[in-house]
Each structure stands twice: as C-alpha cells, then as structure tokens.
Amino acid sequence: MQKWLAGLLLMCLAVTAQASLQVVATTSAMGMLTQTVGGDAVTVRVLAPPDRDAHYLQARPSMMAALRGADLVVAVGADLEVGWLPAAIQGAANPALNPGRTGYFEAAAQVALIDVGGPADRSLGDVHPAGNPHVNMDPVRMAEVAHALSERLSLLVPEDAARFRANAEAFADKVEARLPAWQARVSGAPGVVFYHKDADYLALRLGVPVLGYVEPVPGVPPTARHLRDLVRDLTGRDGVVIRAVHHPERGPRFVAEQLDWPLHALPLDPPLGADAEAYLALIDQWVEAMVGNAR
Amino acid sequence: MATKRLPLTAAALLLFPLSGVYAQEPPRGSTLAGATMTPLPALGGERVSSGSAFNPDISVIIDTVYLNEFSGHVGTPAGFGGGHDHGHDHGHDHDHGHHHGHGLEEGFNFRSAELTFTASVDHYFDALLTLHLDEDHVEVEEAYITTRSLPAGLQIKAGKFLSDIGYINAQHTHDWAFVDRPLVNEYLFGDHGLQEKGVQLTWTPKTAFYSVFGLELLQGETAGIASYEGHGEGKPFSDKSGPRLITGFAKLAPDLGYNHAAQFGLSYGHARAFQLSDFHDHGDHSHRLSWDGTAWFAGVDAVYKYDAGRSFGHGDWVVQGEYYHREIDVDFRNNQRPPVSDVARQDGLYVQAVYGIAPRWQFGVRADALGMTNRNTLQWMGHGHQGYESFGTSYRYAANLTFRPTEFSLLRAQVNRADFASEDDHDEDGWAFMLQFQVALGVHGAHRF
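For the record, the sequence lines run as chains P and V. Under the working numbering, the first sequence has 114 at position 114, and the numbering climbs by one with no breaks. Every number in the working numbering is 1000 more than the matching position in the second sequence, counting from 1.
Calculated directly from the structure, the hints in this document are not laboratory data. Backbone N, C-alpha and C define an ideal beta-carbon position, used for all residues, glycine too. Certain hints may be false.
Residues from chain V that keep clear of chain P, each with C-beta distances beyond 10 angstroms, as calculated [stated by the list, open to error]:
no.: 1; residue: Phe1070
no.: 2; residue: Leu1115
no.: 3; residue: Glu1233
Quick list of simulated restraints, FRET-style, between CB atoms [claimed, not checked]:
no.: 4; chain 1: V; residue 1: Ile1156; chain 2: P; residue 2: Glu176; range: 22 to 30 angstroms
no.: 5; chain 1: P; residue 1: Asp275; chain 2: V; residue 2: Ala1053; range: 39 to 47 angstroms
no.: 6; chain 1: P; residue 1: Pro262; chain 2: V; residue 2: Gly1442; range: 21 to 29 angstroms
no.: 7; chain 1: P; residue 1: Pro271; chain 2: V; residue 2: Val1343; range: 54 to 62 angstroms
no.: 8; chain 1: V; residue 1: Ala1399; chain 2: P; residue 2: Pro262; range: 42 to 50 angstroms
no.: 9; chain 1: P; residue 1: Gly100; chain 2: V; residue 2: Ile1357; range: 38 to 46 angstroms
no.: 10; chain 1: P; residue 1: Pro262; chain 2: V; residue 2: Tyr1124; range: 51 to 59 angstroms
Interface residues of chain V toward chain P, partial, derived using beta-carbon atoms under 10 angstroms [to be verified]:
no.: 11; residue: Ser1049
no.: 12; residue: Ser1050
no.: 13; residue: Ser1052
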C-alpha cells in the first residue's frame, strides 16, 4: 500500500515538475501553431488525430487526463469541438481552462468568420450559426491567430513574450511570402466541389469559386438525388472534387467520374508534430489540388 | 493583424443591436412628440438590456417506442418481486414497484420527453435541470449544481442526480445503445437506476492516465438498495435521517492512443437503513411483514471503445459490461412474532457490444443475467411457515439495429428474448420486438465517453 502511494506521489510529481508550459491543442493544426509560436517554452499535446473529423469525437478519458495537467487549451472553436471539448474540460476538473479564463483560447474567436448568423435551423443540416469554424484552412487567418496566441502565451509566460511575438511574426511572414505564389497557381482555376464546407476559407482567400458540396446539407451524407442534381448542374464545366480523408469516397467519386473531373482526398490537418513548413506544405497540396483540370 | 480585426468585429456587434433600436423609434411627427418628457419604455432606445440572452441552454429529447410481445410474456424475474409471497393468490395488489409509466405497454408508447436546462450560475457553479415528462407526470430526473473553480482536481455536485457508480447508471435513456435498461441496473437499484438526492465529491488527480475517485452521501431512497419507509402508519420501523446511503467509486482509464480507449471502474455502496413492509389482508386475519436492516453492494465495470477513424461511426466498436452484487441483512418480522435475522444475496451482470456496420448504422447485441446468486430474503411462506428461498437465474438477450440519420435523430429496432426464472418454478419466456424513434432538439448534445 505504501509503495503504491509512493508510486502515485512520484507520478504526480513527475507530471507537475515539467518546467515548460503544458498546452493541449484540439487539432494538429492548432498544435502546429502553438508549437510554432511557443517554441521550446511549450509542450504541446494534440487531442484529435489529423485523420478524422474533429466534430464527431467523444470526450475520452485520455483527453481529460491531458487537460487535467494543462495550463492552456488551444481550440479551433466556433462549436467545432462542441460535442466533446466542454465535456472533457468539465471532466478534467481544471478550472484554469474554463472558457473566459486565460487558459482557454479559441482560434475562431480571434478572426472574422464566414457564414455567420445563418438560420439556426437543423433542417438545413448540422449548421453553425456562430460561423464556419474551419479557420485553420486559411493561412492568413492562422497568421492572425498566431499573433493573438503570442499575446495569450505572453500572459502565461511573460519572460518569453518577445520571443512569442517574434515567432508569430515569422509565421505571418512565411504565409505572406507564399501567398502570391498560391494565388498565381490557382488564378483561372475553374472551381471546386468540396465534400463539406471545411475548406471554404482557403477557396475564398485564393478566389477559387466553390461550385457545390457533395453533402446535401452539412453533416448529412450525400443522397443519390443530390448527387444527380449536382452532376446535372455542373455538366459541361471544368473543376475538381476534393474531399477530406475522413469523408466517404463513394459520393465524391461518383461526381468526379460523371463530370470527368480529377478527385483528391486530402487531410484537413497537418501530421501530428508538424511544424510551420509541414502546415504550409499541406496548404500547397490543397492549392495544387484546387488547380483542377484547368488547361 | 488580429488587433486590427478586433475593433471591426466589436463595431459590427455594437451596430447590430443599435439598428434594431433605431427601427423602433416613434415617428417624429406624432402629436405626443415633445409633449412628454419620459418616452414609453416599450418604444425603446432608453435601455440597453441583454433581454433573454441569459436563458439557459435548452435541449429536448423525445423518445417514442413501439412494443410488440409477439410470443410469450415475462413478469418480474424470480427473487426480485420485493416481498412477494409464494403459491398463494391473496387477491391483492403485489405491485410494489412504482411503475408510473416507465414500463412499456404493448403498442405505441410515448416514453418520455426529456427537457434539460443548463447554464453557468456564476463564476463558481454550473447548474443542470432535467425534467422527465410523460403523458401524466412531470418528474425531476436530475437537478444539481457542480462546482467549476475548486482547486486540486476536486469537484462537488449537489442536488438530485444519477449516481456516478458504474458506467451506465449516470447515463440518460438517450445515451443507451439499447431501448431498455440492463436488468441488473433496474432490479438491484431501481426504475431510474441509482437516482438520489445528496452530495458528491470527486477527485481527479494529476496523473499521466485518467483516474477519478468519488464519494457520495445520498439520502437513501432507491428501492433496490436503500428502501426506506420510516416510522408511521403502524410500521415497525424507526426513523433514520439521511444520508442513509454512502457510495464510493473509482474509475481508471489507461491512455491507449487515438484509436483505442478503455475505462475500468469499481464501486461500492452501503445503506444504513433498508426498510420494507408488506401488508397481507386475508379477511379473517392479516399479516404485517417487515424487513428491517442494512444493505450494501459492490460492482465492477469495464468499457472498451475502438475508433476506426472512418466517417459516421463506420467500423467503431463499443464493448461494455458491468457486474453487481448486493446483500441485504435484515430482521424479518411477521406480525408480533420475534424477529428472525437473515441475509439476502443477489447479483447480476450484462455484457454488450455495438459495432458500426456502415456509416450511420450500428448493430448491437447484449446479454443480461440476473440472480446467478439468488438467495432471497425471508418470506412469508404461508401456513405458518417462513423461510428463505433460492431462485434460479433470469436471462435476457437483445439484438438491435440503429440508424442515425444525423446526430439529432435515431431509429432503432430491437428484439429481446427473455428467459426468466419465476418464483413458482415455472420458467417464463418471451420474445419482444421494439421500435424506437428518438429526436433531439435544441443545443448540440455532448459526446460523453
């Protein structure tokens, strides 16, 4: 019994003895941004792996364990994680992470959102009247978030404030440096059909028209009728179909085959442990895919 | 860049309500304009109010079930009738369970509308109220506050709530993977599981894996484990003030990565009062039977989940099981005769598995066993005899198919095969078909583990 207690005590000490700021990021994109801005002053743990839909996760015990010892949680926000993050924070019994406290940071709260204020009517799908939450797909908005995050980290580790701000600035510079090339690459792109409204921010940023969605309404798998309508409306046009890796392949493939368009499956988030370059490489991939069959 | 954006957003937020205010201003050409110094408040412009913006989050879950017992019929599992006699029909109502509408009837059932309000009370407390509405009753299913600012991983819950012992006990009907409650939860505790008024303290230590330890001081009113009647109406009990039931639980969950998750739990409870009485009127004579003592239970629970990472739950697994053992140590009295002491020992378990056979479709199977140990309390056996009896084990098997068009609705078809032991040694069996339709309105529900 005494040995067991001593072991438990040691484990507690081992967890609390870590010197760096413990940050929990909900997705790997937010993890990337936190690591980029925080550098070695932060230790980042990611709750949602990049290969699945961050909207449909469950509040798992391992998330609560991670949140229990965290100083800061960095979320995408705007209800993306509404199903599990509030429940996980509540289960973690860590008041420092309650929304409104310094330890709770939402990317979506730092930038202007699109699709804000739509009708809160679920016959229109799993809608988010607070706005489209997928801000991680816009590198420019992510640069804005990086600045806000550097300010938040500065509140928590004031001695590293200058470094955080410089890191955020460096990230913003990288994005700014690539933006013209991205815009040039997709200029004249005929347009894109997404599976879900999860890359609209990027399309909007680069001026690529979004021609439609494989889903009839957000959060509902495609119906045969909707796919037929989509194909009918787009027949004769050029374009490309892009789905996220966690979306089913059948509907997108049908649309792509019927229209004779290319089809791409890409992750919405960079790999676990990604740095800024890996995130920008992911955007490169999306940009390349959005070029479509334009000749 | 962020600092540039913020004032813009703030300005937009400010302008939005103002535009509404301007629209409500009274027409300038009104004969009353200028005649009165205090404009009518209803016409606006004089007050900035958050109006109904502080309303709690509301969700409504409507649950309807169609039931068809297409072969045979089963009653109460043997040994769980709550003080029945045997082999006699005294012609009086033996239904001690308070089945006010929770039991399903053949045909269409409006099982419940569950109305939940949640909000933060202030910096210190969150509150929840869940009302369970059926056609004739409104019941408070849960009404509690939880602390949100205690240090050291401590949380206190106070009010009326579903105890956090085990795994399924704290879940509401809409969280279940099956239409009905496991037998062990219904018969060792009650129609609502272990639902009590009281206080709960939990501690979540700062460890690499998840663990939580809880202690609950409860009033002690749940029929199966802490039945309480008290003094009065000629009942041979003494009053015992609450808390009469104390429970403790521990849950441990190793970190198994992103695809796998498991949680293991232990729970225990002790009731310092277990009081139950039964009155048999035979016309020329009558019996007042009573059981007066204490009770305890202990249980283990385990749940394993696999996340396949595909869309809409395709390929996901959930496997869970729970076992509980209950002992009731009572003095049995029959009228004025001297009491006889006895211990009832009973147990039960269920194991279930649910698999995502396709996007949005789940297939589930469950096996229930109740009374593997089934030594009931002392009973009035008739003809001047009294004693205890051991009964057989009751089994129930269920299989179902669930379709979830979206996160907010579900359609479930379930077949139950029951094989119940009965108290007169004639086993009962039956088949039942159930069709459940459930919708959720309002705020987005939480995906709890």
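Hint by hint, here is what the structure shows:
no.: 1; hint: Phe1070; in the structure: holds, 33 angstroms
no.: 2; hint: Leu1115; in the structure: holds, 18 angstroms
no.: 3; hint: Glu1233; in the structure: holds, 44 angstroms
no.: 4; hint: Ile1156(V) x Glu176(P): 22 to 30 angstroms; in the structure: violated, 50 angstroms
no.: 5; hint: Asp275(P) x Ala1053(V): 39 to 47 angstroms; in the structure: holds, 42 angstroms
no.: 6; hint: Pro262(P) x Gly1442(V): 21 to 29 angstroms; in the structure: violated, 41 angstroms
no.: 7; hint: Pro271(P) x Val1343(V): 54 to 62 angstroms; in the structure: holds, 60 angstroms
no.: 8; hint: Ala1399(V) x Pro262(P): 42 to 50 angstroms; in the structure: holds, 44 angstroms
no.: 9; hint: Gly100(P) x Ile1357(V): 38 to 46 angstroms; in the structure: holds, 42 angstroms
no.: 10; hint: Pro262(P) x Tyr1124(V): 51 to 59 angstroms; in the structure: holds, 56 angstroms
no.: 11; hint: Ser1049; in the structure: violated, 20 angstroms
no.: 12; hint: Ser1050; in the structure: violated, 16 angstroms
no.: 13; hint: Ser1052; in the structure: violated, 14 angstroms
The structure shown violates the earlier hints numbered 4, 6, 11, 12 and 13.
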